[in-house]
Every structure is written in structure tokens, then in C-alpha cells.
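Below, each chain spelled out in residue letters.
2 protein chains.
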Amino acid sequence: MSEVKKLFEANRTYASQFSQGQLPIPPARKVAVLTCMDARIDPLRALGANLGDIHVIRNAGGRVTEDAIRSLVISEQLLGTQEILVLHHTDCGMLTFRNEDLYDKISQRLGPDSAKAASNIDFLPFTDLEQSVRDDVETLRNSPLIPSDVLIYGAIYDVHTGEVIQVS
Amino acid sequence: MSEVKKLFEANRTYASQFSQGQLPIPPARKVAVLTCMDARIDPLRALGANLGDIHVIRNAGGRVTEDAIRSLVISEQLLGTQEILVLHHTDCGMLTFRNEDLYDKISQRLGPDSAKAASNIDFLPFTDLEQSVRDDVETLRNSPLIPSDVLIYGAIYDVHTGEVIQVS
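Note that the protein sequences, when read in sequence, are chains E and C. Numbering of the first sequence is given in the numbering used here, commencing with residue 1 and proceeding in unit increments. Numbering of the second sequence is given in the numbering used here, commencing with residue 1 and proceeding in unit increments.
Don't read these hints as lab results, they were simulated from the structure.
Remember, identical chains collapse to one label, so a pair may be satisfied in a single copy or spanning two.
SDA-like, lysine to any residue: derived pairs with alpha carbons at most 25 Å apart:
id, residue 1, residue 2
1, K5, D158
2, K6, L51
3, K5, I25
4, K116, D135
5, K6, G48
6, K5, V150
7, K116, E66
8, K6, P147
9, K6, R45
10, K6, S16
11, K116, P144
12, K105, D122
13, K5, S143
14, K105, S148
15, K105, P147
16, K105, P24
17, K6, Q20
18, K6, L44
19, K6, H160
Next comes chain E alone, as it looks inside the complex:
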């Protein structure tokens, strides 16, 4: 059985015990967290948040991309969030490669058409973890699409200790 099929199976148990079906769409705590897709991060548990409390946006690195801004605009303008937390993390895969490494890998594994499609993409790796947080917070602070009264925080999650350290 595929792993996704096993996830579907496991969902039956979750659904059979589910009791929080009447929560409203807007996040109760008016917070949007932007963090990495990394498998070792459980944003709700790590931040003591409950179902219905916060928006969670995740991508490779937790980077402030155009798509993250799309999501944040919807979060704020339509669903009332007023605070943003940019949360990157230690031991991030984004610290382990350069765009060129990934271009080469795609070329070797998937062939020239795929290599060409990849060649326009900045995969957004970084070399300095704290700086990546500061850069992304700065991008949000300078965005004309994020209201100036939205509180923006930057922090690092330590995957080895479970600690969140504020850096911005």
C-alpha cells in the first residue's frame, strides 16, 4: 500500500473522534505563521496553538515568495490576521545546496526539457540562517501589500531542542 493510502486510512480514526467541526474560517488568534515544509516542524504543537487559532503557510525554507505574499494578503484582507511570524529553522535543507547543484541534478535525472524548465527558477537556498529571516521580514515590511500596522516577527526554530528563538 502506498504511504498516502496509509495516511487516508489513518484519517478514519481521526475523523471518528473529531469534535471541532464548528470553528469559523477566520483564525481566532489573528496570526499567520510562515514556516518551512520541513518534516521535523509541527507548528501548532511547537507554538502551543489549537485548531482554528492560526494560519500556517509553509514552503521550502519558509521564504517570503510572491506566493507567500498572495497567501498573506488573503489572510489579512479577507480573514483578519494582524500579526505575521516568519519562522525558519536550524539544519534546514536550504542551507545545503546552490541553485546550480539542483539544476545539474534535474538535468541528469529528468533530462533537457526539465532542465530548461528549472533554469528560470530561483530555488531560494541561503547560506546564513539568521540573515535569511531578517531578509524575509524586511521584504514583508517593505511590501506595499502588507499593511504597516501588521506586526511582523522573525524567529528560528531549533529542530534539535524544539526551541523558538526570536531574531527580529
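Fit chain C to the known structure of chain E by using the hints.
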């Protein structure tokens, strides 16, 4: 105290009890889930996954954007995932507006410079939930950046019952 500051406070309790600090970077179950930022979705609990098991990518709607593909390429090429689940959900905010509504709101609230910045953005609302899943799965299946042997599933999470229903 701001809500984010309260999340930081709550993290101290999480970190003080944290015991899973030695997990490897690659997701143990080789699955990447792409779902919505909605506050009523707890992907790990809903799918019976543990810390370290799966990549979780989230944006407004759980849409297959260029940024989602950036994340999925990193997930597959660098971190070994072999299955993708696109998971949209009932009662999604993306069913409640059109781009024009959001352009108007941004213009009124944030002014002309912001309206101009927003005018190039497709916020990716949709009107048919099942079709949005099928469309996004199809986009992935046709992408030159997603290997043809990656298993791609589409499903809908019901925020009222906790159930996941496979649609593709």
C-alpha cells in the same frame, strides 16, 4: 502582549518537554502534502503522521503554484519524497471571493500604490472545490519538473467532520 509573543511563551513548555531532536532531514514516509493555510486543518493529526514523517507545504487554497512546485522539486530531488497529496478542503475561503473583490478591497484599504502592486496577482480563488483539486493534480502530472513515477493523489478535507475524501 501580542499573540505572537504568547506563541513564543507557549513554545517554552513545548521545548522543555521536547524529545525528538535527532530526526534526519528527509521525511521518513517520503510523502509531501500540499494543503491550505486554513486554521482548521492540522495536517499531521488529520493524517496520523508523526514528527519527521512528511513534508507539509501550505498556501492559500493548497494551490499548485510556481512556489509550490519549487518546494516539491526540492522535496523530491534533494530529500527523496516519492508521493504527493494535494489536499483542498470544504468551506474554503478561496470559494468566497473573486480577484476583483480583493483588488477593490486593497485599493480602498491600502491605496493606489498597493492596488497597482496587487493588480498583477492572481489570488487563485476557485468556484468548484473538486475541480480545483483535479486541476491542481493535473498541473503536477503535466509538469516537467515532477518525475512521472511520483504518485500524485488529490483529496478534500471536510473541516466539519475531519474526514479526508479522495477525489483523484
